[in-house]
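Colleague: Now for the letters of each chain:
Number of protein chains: 2
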Amino acid sequence: MARQLTNPSTQIRRYNRLRPVSARSVQIQDAFWSPRIAINRSVTLPSQFQQCEETGRVDNFRRASGKKEIPFEGIFFNDSDVYKLLEAMAFALGQHPDDEALIRMADVLITEIADAQDANGYLNTYFSVNRVGERWTNLKDMHELYCAGHLIQAAAAHFDATESTRLLDVAKRLADHICETFGPVSEGKREGACGHEEIELALAALYKATGNDRYLNQVEYFLGARGQEVSALYTTPPTRDFDRRYFQDQVPFRDLTEVVGHSVRQMYLDSGAADLYAETGDASLLAALEAQWRNMTERRMYVTGGLGARWEGEAFGADWELPSDRAYAETCAAIGGVMWNWRMLQIAGDAKYADQMELQLYNAMLAGLSLDGASYFYQNPLSNDGSHRRQPWFGCACCPPNIARLLASLSGYFYSVDDSNGVWAHLYAAGSAELPLQGGGSIALKQETIYPWDGDIRFTVENTPHAGATLHLRIPEWAQGATVQVNGEAPRSVEAGAYAAVDHPWTTGDTVRLTLPMPVRALTADPRIADAYGKTALARGPLVYCLEQIDHDGVDVRDIVLSDDAIGIDFQKELLGGVTVLRAAGNVLDRSAWAAGAYLDRAPGGSPGQAIAVTAVPYYAWANREAGSMTVWVRKG
Amino acid sequence: MARQLTNPSTQIRRYNRLRPVSARSVQIQDAFWSPRIAINRSVTLPSQFQQCEETGRVDNFRRASGKKEIPFEGIFFNDSDVYKLLEAMAFALGQHPDDEALIRMADVLITEIADAQDANGYLNTYFSVNRVGERWTNLKDMHELYCAGHLIQAAAAHFDATESTRLLDVAKRLADHICETFGPVSEGKREGACGHEEIELALAALYKATGNDRYLNQVEYFLGARGQEVSALYTTPPTRDFDRRYFQDQVPFRDLTEVVGHSVRQMYLDSGAADLYAETGDASLLAALEAQWRNMTERRMYVTGGLGARWEGEAFGADWELPSDRAYAETCAAIGGVMWNWRMLQIAGDAKYADQMELQLYNAMLAGLSLDGASYFYQNPLSNDGSHRRQPWFGCACCPPNIARLLASLSGYFYSVDDSNGVWAHLYAAGSAELPLQGGGSIALKQETIYPWDGDIRFTVENTPHAGATLHLRIPEWAQGATVQVNGEAPRSVEAGAYAAVDHPWTTGDTVRLTLPMPVRALTADPRIADAYGKTALARGPLVYCLEQIDHDGVDVRDIVLSDDAIGIDFQKELLGGVTVLRAAGNVLDRSAWAAGAYLDRAPGGSPGQAIAVTAVPYYAWANREAGSMTVWVRKG
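In the order they appear, the protein sequences are chains A and B.
All residue numbers for the first sequence refer to my numbering, where the first residue is 39 and numbers rise by one.
All residue numbers for the second sequence refer to my numbering, where the first residue is 39 and numbers rise by one.
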């Protein structure tokens, strides 16, 4: 079943149009992201380390290595939390290689992980000691390959950041054990694939780190094993069609034209498939990825970029099934969406992928984290009565370390380069970057802006050996009327929803000024999205807004009706860490006619209800003050 | 914990204002219900018997009695399906005591059930043979008391219909075993209550059948054991708050002011609690029942009377959480709603309970059954793309026999009597009834009407020994402007949402003409019900209507916008077994602006879209023709 792949050159990801620039080459120094990244390193990573120790997650490794005789603690896939945390630490070490506390914590984790590995390479603490006989017996439910994948991702990140092979060697031994175990029966192996995808993108990362084709071939094998009734996936009771959709196993991947089932799994699967395309150029993979992406973005994604409509199965719903109160919109799914969009962007260099990535970063993902960096949302509803509040940790703690690793690696999502001395700017935030060019040497850029509060962005070329580099600047779809100005010359109009190519014989000190207009947008949803019918969502720049009760004199904001399209903006330095709020006029819906029951025999007539001044705040910042009602979709008059 | 109850008189249900009239005393002879009841007896009961045989449900009893050496087949609570079917057969036998086929089938079931009972009274086929040691070890999940309850209900119905004590004796032995096993530790028993309520109302029925206080005391015990952290409920892993809400165990019943968790369980629990109130007059029970009823009907019930908003946990949602496409609205929950409303009606004689009962009968329940009586809905969405179709049976087959027993006992829901020679008519359908009066003797009534298609109802007194009987006629809340006319005299206006009392020195041949106006009603939902915002639901008389694609030239009816409030009616004799359809004018929403994505930067302007003639059919009749889209809530222009 596994097609043998050859990689004649040492060139990795050769079917990508763009190449990532390491997070280590980019410094974000702004008022929006920098404090979050700093808190992530100084507060979040140590506190998550502590949580992993206190909840027995690290002790599970000590148990597996025989250092402690204790029962296994927690959920069977808890190893993955430790690995994701370690991956986050690796990214942070890449930017701060001298952080002694980080070095010490990472060392503890790496030591315990390495010591827990079996001689044959196997590593999963749940299946140690008394469960050795159960290894690899239930790939569908038990997340063994999923956990392995997170270890491998952590190892690849750690190797990239530190050049130490200590963790990478552990990962290679485990990956080799997996490659020896799973594959076509004709090769004397056993068939199988993991119920929770992750191993695919991880092995692709290991291939990138090592150049060893074996790992890439294994990605091809695991991807091809889905939707095939592979016996090892079905050791537990009969699986109905519903269940197979849950883990994207109802059809072969290349026949899948929609996003279905568990949202995080779908995103990780798509990320792995995109990695495989990047190495193989397999057109059938790309066609499936594009079809799934269109289905997701056009029909199954919240206006915030949130993914997953259903609590049951943490799953995508049907087309346009996007309830607000009962949105699942798991933080991890948004992060998975960022990962997948990033890969599609590298493949195609198409701004639509960067737009989606930015939408998810600023909204669906960022809402998962409190402003103080200490508590998290697992689900991210678009409307709430005030009862949904962030928690410091979860029994199933996938989201907290996932946010941590994204924030720690965020600078890696800002730029790409290409084979034609092109430099691609995807995201905007003040900072500086040293971008290695394909022809040799690098270009240094400084970015100045108060984005996302304003669309005025100024690049300064600080160093360049390549006079001919082309600067590709993303013009978001929402930035109609954007202009680019080089060295103060006349502004040039550029197309929204595309990259504006700026060619210039660059010399140090050159400036490029990008102006992205940021009018307030009153979004109208496809009328098939029931919870948005007759309503509008406010947005400005990359940010989606919401109303919170605390800004409305105790009124349930879900009762507010926007009475006017005139919406003003107002930067509030002291509010929510400094945010631009939106101001509008509205009324409070008069619900008195329904006091005795939910259904009236006729529509009540009547006045528009008490006038109210409406204030909208960025969605990511909700639930950081006194608890109260919230809504993204606001009724329209 | 169990309060000792005394029942000084032999009078059962003494705190009820009304007393039921046996289904055997009432004959329905109409064009609406009679064919359904006939099909139920001639087609449904035999086919369900066959299903129970073919799926091993009956063989499980043969296995338990040692007649067959086979593995247990199916789900652990499959006994309950056999019991519910037998209960339906008992009701049918009550009306047709000479139906040989019915007698034979019931005899097979009773024989196999009786033979499967242990010497100590225990009876549950899942926990026979190889699982004897696991009996009563997991009351939370394993439905042992639930299954016992359904046996007891079947036995009470069978005794009532046939006066045979053969099945009743089995039920008494099982009930005695339960009473000996569960109770306060101080009495040397073990604490416990069932995760799926049912035993409560069943033991109340057994008390009614036997007059033995023991069973009523056990109802009090089981009801009181909920919300108490009773250890036997928690033999399986740690139960989070969420899980306890699932089976109404988060607080003691008397502190419960909302309907929560699994909807069927909540309805059965409330039915049992209402039965207990009827015997004890315990005001704290009634207060809790009334609070829960208000919460349900005002905030957590579909316009069809459907109950249960969530697929996860088959559960009630939060207030006003009533999605249309993803409605759960289990058929069994609607039946449970009928059962509870019936009991509240007997307690209070308040027409609001009869209104709800009628709403659920004609809509939420009846939609669960195909017109040919051969296939069923488990879930009853209020809007669908055409993919939801009735099935002939289910692995979890609770709904089919539940519909069967309701239809077989339907005539028992038509009338009550009271202690003041009052006769109460709750439902309307052509037929006749012999109603026993408290003071002795009886009154015979003939009812003539084509209800629900018209509100003209004529009662004729065919026999009466009691000149002073008062006729109480329910005037539905929707029947504004109703009148009553005795013997052709001047019509008298009567209040809607109440019972109209008609006093007359009745003699044979007297007539009472009730006129219930049936204008088409365009219902408007509380704006907090997101899926109904900006929409209307059409209703007429007791029926809620919907649009189906087949009546609209292939147009997705969820795109139709009603453009006019003028709605006509049109009886179609050949359509769907004969229905009154509604006719209106509308337009088809133009969705072209959203072709490229779900969210537009501004509201598209534009015309109202292509005109279309709109036809609405009764909701209960949907999905009986070619598959296509359906919606109850229709967009308003």
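Please keep in mind that the hints were generated in silico from the structure rather than gathered at the bench.
Owing to the predicted nature of the structure, the values given are computational and were not obtained by experimental measurement.
One should not assume that every hint holds.
Intra- or inter-copy, both count: the list cannot distinguish identical chains.
List time: in silico SDA-like cross-link candidates among lysine to any residue, alpha-carbon distance up to 20 Å [what the hints assert, rightly or not]:
| hint | residue 1 | residue 2 |
| --- | --- | --- |
| 1 | Lys484 | Gln429 |
| 2 | Lys105 | Ala76 |
| 3 | Lys611 | Thr549 |
| 4 | Lys390 | Leu638 |
| 5 | Lys674 | Thr175 |
| 6 | Lys105 | Ser80 |
| 7 | Lys484 | Gly526 |
| 8 | Lys246 | Asp591 |
| 9 | Lys611 | Lys674 |
| 10 | Lys674 | Gln288 |
| 11 | Lys390 | Tyr637 |
| 12 | Lys674 | Pro642 |
| 13 | Lys611 | Thr487 |
| 14 | Lys674 | Thr574 |
| 15 | Lys105 | Glu486 |
| 16 | Lys674 | His542 |
| 17 | Lys390 | Pro642 |
| 18 | Lys674 | Arg629 |
| 19 | Lys674 | Asp639 |
| 20 | Lys246 | Asn158 |
| 21 | Lys484 | Leu613 |
| 22 | Lys674 | Ala604 |
| 23 | Lys674 | Asp564 |
| 24 | Lys390 | Ala631 |
| 25 | Lys674 | Pro646 |
| 26 | Lys390 | Asp639 |
| 27 | Lys227 | Ala604 |
| 28 | Lys106 | Asp564 |
Colleague: Could you tell me which of the numbered hints above are not met by this structure, giving the numbers in increasing order?
Modeller: Hints 1, 2, 3, 5, 6, 8, 9, 10, 15, 16, 17, 20, 21, 27 and 28 are the ones this structure does not satisfy, whereas the remaining hints hold.
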